[in-house]
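Given these sequences and hints, build the entire structure.
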Amino acid sequence: MTDTSDIVRDEVVPVDALHPEVRKLVVDCTGLGYISSVGVGVLVRLHKKLWTAGGHVKGASVRGPVFRILEMTKLAALFEIFPSVEEALGAFRRSG
1 MTDTSDIVRD EVVPVDALHP EVRKLVVDCT GLGYISSVGV GVLVRLHKKL
51 WTAGGHVKGA SVRGPVFRIL EMTKLAALFE IFPSVEEALG AFRRSG
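All letters in the sequence shown, in the order written, are residues 1 to 96 by my numbering.
No wet-lab data here; the hints were simulated from the structure. Don't take every hint at face value.
Listed next, the in silico BS3-like pairs over lysine-lysine satisfying Cα-Cα at most 27 Å (straight line) [stated by the list, open to error]:
no., residue 1, residue 2
1, Lys-74, Lys-48
2, Lys-49, Lys-24
3, Lys-74, Lys-49
4, Lys-48, Lys-24
5, Lys-24, Lys-74
Listed next, with one range per pair, are the computed distances between beta-carbon atoms [claimed, not checked]:
no., residue 1, residue 2, range
6, Lys-74, Leu-32, 15 to 23 Å
7, Glu-87, Arg-23, 28 to 36 Å
8, Ser-37, Arg-93, 27 to 35 Å
9, Pro-65, His-19, 27 to 35 Å
10, Gly-41, Arg-63, 18 to 26 Å
11, Gly-90, Gly-54, 17 to 25 Å
We put the beta carbon where it would ideally sit given N, CA and C, even for glycine.
What follows is the structure, encoded as structure tokens:
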């Protein structure tokens, strides 16, 4: 398995570069079969950044080992998790 932790942390999800007006974010986990401690750290940073600004992060298509890791780290309690991106976006629309 290739270690992509630096790429995920620095290039794919540059949390510090997130526009300051972003208040709603859906993390699409479709096809994600594994999440490392770096990935968990990125999720924590996303949650903290948006929560501090009055926003929310929702997860979509979180399954199998990834869901189990989120449960073990108690992150599943921080994020609402939906079966699909469409359902997560719908939840944001319903909540205003």
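Contradicted hints - numbers only: 7
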